[in-house]
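Trainee: Chains as they are written, first to last, in the numbering used here: chain A, 4 to 72; chain B, 1285 to 1780; chain C, 6 to 156; chain D, -16 to 113.
These aren't lab readings, by the way, just hints derived from the structure by calculation. For each residue, glycine too, the CB sits at the ideal point set by N, CA and C. Honestly, I wouldn't trust all of these hints.
[As the list claims (entries may be wrong)] The calculated EDC-like cross-link candidates involving lysine to aspartate or glutamate, where the alpha carbons are at most 20 Å apart (straight line), are:
| no. | chain 1 | residue 1 | chain 2 | residue 2 |
| --- | --- | --- | --- | --- |
| 1 | B | Lys1641 | B | Glu1564 |
| 2 | D | Lys(-10) | A | Glu31 |
| 3 | B | Lys1490 | A | Glu30 |
| 4 | B | Lys1490 | D | Asp(-15) |
| 5 | B | Lys1644 | B | Asp1586 |
| 6 | B | Lys1490 | A | Asp8 |
| 7 | D | Lys93 | D | Glu107 |
| 8 | D | Lys(-10) | A | Asp13 |
| 9 | C | Lys117 | A | Asp13 |
| 10 | B | Lys1552 | B | Glu1778 |
| 11 | B | Lys1644 | B | Glu1778 |
| 12 | B | Lys1552 | B | Glu1564 |
| 13 | C | Lys117 | A | Glu26 |
| 14 | D | Lys38 | A | Glu30 |
| 15 | D | Lys91 | B | Glu1558 |
| 16 | D | Lys91 | B | Asp1440 |
| 17 | D | Lys38 | D | Asp(-15) |
| 18 | D | Lys38 | A | Asp13 |
| 19 | D | Lys38 | A | Glu26 |
| 20 | B | Lys1644 | D | Glu107 |
| 21 | D | Lys93 | B | Asp1440 |
| 22 | B | Lys1766 | B | Asp1361 |
| 23 | C | Lys109 | A | Glu26 |
| 24 | C | Lys117 | A | Glu31 |
| 25 | D | Lys10 | D | Asp98 |
[Claimed, not checked] If we take Cβ atoms under 10 Å as the criterion, some of the chain B residues that face chain A in the derived model are:
| no. | residue |
| --- | --- |
| 26 | Ile1356 |
| 27 | Glu1425 |
| 28 | Leu1429 |
| 29 | Phe1763 |
| 30 | Gly1765 |
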Amino acid sequence: MDMPDWGATDSPPNTHVSPRYIEKSIEETATPNVVTSLLADYRGYDTLGETTVIFTAGIVCILLLRRYR
Amino acid sequence: MAEHSLILIIVIPLMASCFNILLGLFRRGFCYPLVIATLSLCVILSIFIMDGVINNGVIHYRLGGWAPPWGIEYVVDHLNAFVMTIISFISLFVAVYSKRSVEAELPGRTVYFYTVFLLLVTGLLGITVTGDVFNLYVFLEITSLAGYALIAIGRDKALLASFNYLIMGTIGACFYLLGVGYLYIATGSLNMADLGRLLPDLYHSKVVLVAFAFFAVGVAIKMALFPLHVWLPDAYTYAPSTVSALAASTMTKVGVYVMIRIMFTVFKPNFSAEMLPVTEILGWVASGAMIFGCILAIAQTDVKRMLSYILIAEVGYIVIGVSVTNRMGFTGALLHILFDAFMMACLFMVAGVVMHKTGKTSIHGFRQLHRRMPITMAAFTIAALSVIGVPPTAGFFSKWYLVLGAIYARKWIFAGMLLLSSLLAVVAFFRVIENIYFAPSCHAHDRVGQEGIVRDEAPLSMLVPLLTMAAGILILGFFSGKIVSAVIQFTVPEGF
Amino acid sequence: MINRFENIIIQTISRLLIPPIQLYALYVIAHGHYSPGGGFQGGCILGASFILMVIAYDIKETKRMISEKINTIFIVLGVIIYSGIGAVCLILGADYLDYGILNKIFSVSPAKARALGTFGVEIGVGITVMAVMVSIFLNLVSGGEHEEAQE
Amino acid sequence: MDFIISKFNYWIYIVLMMIGFYAMISKSNLVKKLVGMNIFQTAIILFFISIGSKKGATIPIIQDSHVDAVNSALYMNPLPHVLMLTAIVVMVSTFGVAVALLIMIYRKYKTLEEDEILQILRNEKWPNTH
């Protein structure tokens, strides 16, 4: 098994892309909470997709459940 | 500006679906023109993007201004632009077609129907344009959620079919997400190009193998490849006819597109073809799909259900073209994506028209319909001949490439399977065509002549897209050489 | 489908609780830059306050506060805010969702402008999540019949 | 033994995922299937979050914003958290749609057992075709 151990600090996910977010978050986005800056800024487009998903769910529930006469 | 059209093609349908609801609160009548306008804009934008790709090569777009491995990037090459153009064209014509059938089948729900319809198109376009594996998952879920709902509002046991589709589709999406997770463990990246650069050093790793297995199963569920197709026939049979036409012609094609992306961009062709027997397995599965789909299509009495099984066989054709891993086969697969989208849209539209006019979709409901609606039935016959692969129609050209690809790869069995499956499709379709043209009418014995049958053609808003599709099938075949030299030859991955 | 079940204790307590819950939800949305939180979490809490109102009182009472039409408009509004902010960035000449360009409107450094853009987006997400939670709950709990009472 | 202990997060996720998968496939009650689906998705969330953990690290909120160079080893990997926030929303939406479908099914067939629904469908099929 080539999976990294639990909590390993040198595994690829923890070394390839993510350190930049932590190191540059304050400098580039003035947001100490890295999760927020990552969610809404670095990967903001994912969050737009996420909002669209929940928008779809709301509309779908109205479409399915509302009774029509 | 050319690169901004990449994002506009997603955002315009999304915002239009929002404004659609706001409009629908006040005037219901405005929704249909808004949908048509939006989708026409999408078609124009997609042609614009296609033009840009042909002239200037691959377009990159950085969302939020972040460089690729950190932010989300849009990469549009010839393959993306090709699939995107098909989707926007088909969805425009299906939207034009939808007017009367939605009014008849779903009274009172048109506003929300069109909103979800636009969201479905947004999701499909979003899948084709993105260059990030997780972003693809998000758009896959938008597509699926909209699809579940649109199928669920159909007739008979559509609810149960939709629930089964939801369970299967969620398993598929979760497997895809697990694949993303395993790739993320192995590389730490989510960008497709970056993954493609990092992965060749890791091909010996078992994590990457597991990731590939999860991707393959997840995507195979989404595109209804043979052993995992069980959700498809029920779902497409009972869905509203508009939804069947759109979903059958685009959703499975997008699944194939995702498979090609994963196999040849994220993983390199030599991994998929040489290090693992992936393409061998895919080839056998696909030939199983062709034979099985056609045989079950013969056994059906409901035309929409028969077409669903034919669709499973068509997915088999496309996958077999990919699996022979040579230039000819791949070209044939992409051409078949284009032609099959047209053929399936046309066939399901005809089924919808018959449903709209006579209320039946069983094969016996088609009896003597060439007297009632000759133009519609002519379109059906053209599309059916194209599925079979009779020369002047488009289906012949793509099948020619597919068979040549199988022969060049020295896989005689696959070439034989292709021909056998075409023969079975002949049987399946001639049962319907015989009913249309030659079978005596159900009412023949209680009427003296055939004069009782009046011409009762489909309404114009249904007829125009139908005829466009049929004309497309007739004309596109002759331009297949041009399409190959302009677009498809650039999509063939290196090493073929 | 919900039968009116009047209980003075439950109604009083929830009447006392709902405003702090809503205030806390707004805090979670607004303070998402500095502490755990953000649009989705805050929107869920905000939606939960309305759901508490439905449970403690009944649907009609709640619909006096937030009617079906306004709720639908809220669902749409959040998505429009989000994609609108992206479109504003596009109009100002940057890429889509590139909030750094917003410093043309607000006279702050690009980094601060990014924080502002993030905040606007969080508000959009919060509004949509709140309205969708309420809408799904009302539709599920009443089987879609609540609309008939009004129109 | 070390193999199991040092990678225990993956074992937990696999066990959870198999429980969910079993429920999804073998249960005939549609609500139980849905619950199985939720367990399945939760297992994936656990899997992703456990990727991002680092020993000796804390939540990714930078404490003192005066320091120019932030030591990334002190904070957990934020990317899986973000991905899972998105995935949670997707799962909630899927769950909402599924429950809406179930309510529709119950309204139509008055039962949620798959066998009984199929029985009803089989019974009503014959009179229609003749």
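Trainee: Checking one constraint from the list: CA of Lys1641(B) to CA of Glu1564(B), max 20 Å. Satisfied?
Mentor: Measuring from Cα to Cα gives roughly 46 Å; hence the hint is violated.
Trainee: Do the alpha carbons of Lys93(D) and Asp1440(B) lie within 20 Å of each other, as the hint requires?
Mentor: 15 Å, holds
Trainee: Given the hinted pair Lys1490(B) and Asp(-15)(D), is their alpha-carbon gap at most 20 Å?
Mentor: Distance ~19 Å between Lys1490(B) and Asp(-15)(D) Cα, so the pair holds.
Trainee: Take the C-alpha atoms of Lys(-10)(D) and Asp13(A), compute the straight-line distance between them, and say whether it is at most 20 Å.
Mentor: 15 Å, holds
Trainee: Is the hinted pair Lys1644(B) and Asp1586(B) satisfied, with a Cα-Cα distance of at most 20 Å?
Mentor: 9 Å, holds
Trainee: Sort out whether Asp1361(B) lies within 20 Å of Lys1766(B), counting only the CA atoms.
Mentor: Within the cut-off at roughly 18 Å; holds.
Trainee: Within a Cα-Cα threshold of 20 Å, do Lys38(D) and Asp(-15)(D) meet the stated pairing?
Mentor: 17 Å, holds
Trainee: Taking the least C-beta to C-beta distance, is Glu1425(B) closer than 10 Å to chain A?
Mentor: Since chain A brings a Cβ to about 6 Å from Glu1425(B), closer than 10 Å, the hint holds.
Trainee: Checking one constraint from the list: CA of Lys1644(B) to CA of Glu107(D), max 20 Å. Satisfied?
Mentor: Holds - the C-alpha atoms of Glu107(D) and Lys1644(B) are around 17 Å apart, at most 20 Å.
Trainee: Min Cβ distance, Leu1429(B) to chain A: is it shorter than 10 Å?
Mentor: 5 Å, holds
Trainee: Sort out whether Glu1778(B) lies within 20 Å of Lys1644(B), counting only the CA atoms.
Mentor: 49 Å, violated
Trainee: Within 20 Å, alpha carbon to alpha carbon, are Lys1552(B) and Glu1778(B)?
Mentor: Holds, because 9 Å separates the two Cα atoms, which is no more than 20 Å.
Comparing the model with each earlier hint shows violations of hints 1, 2, 3, 9, 11, 14, 15, 23, 29, 30; every other hint is respected.
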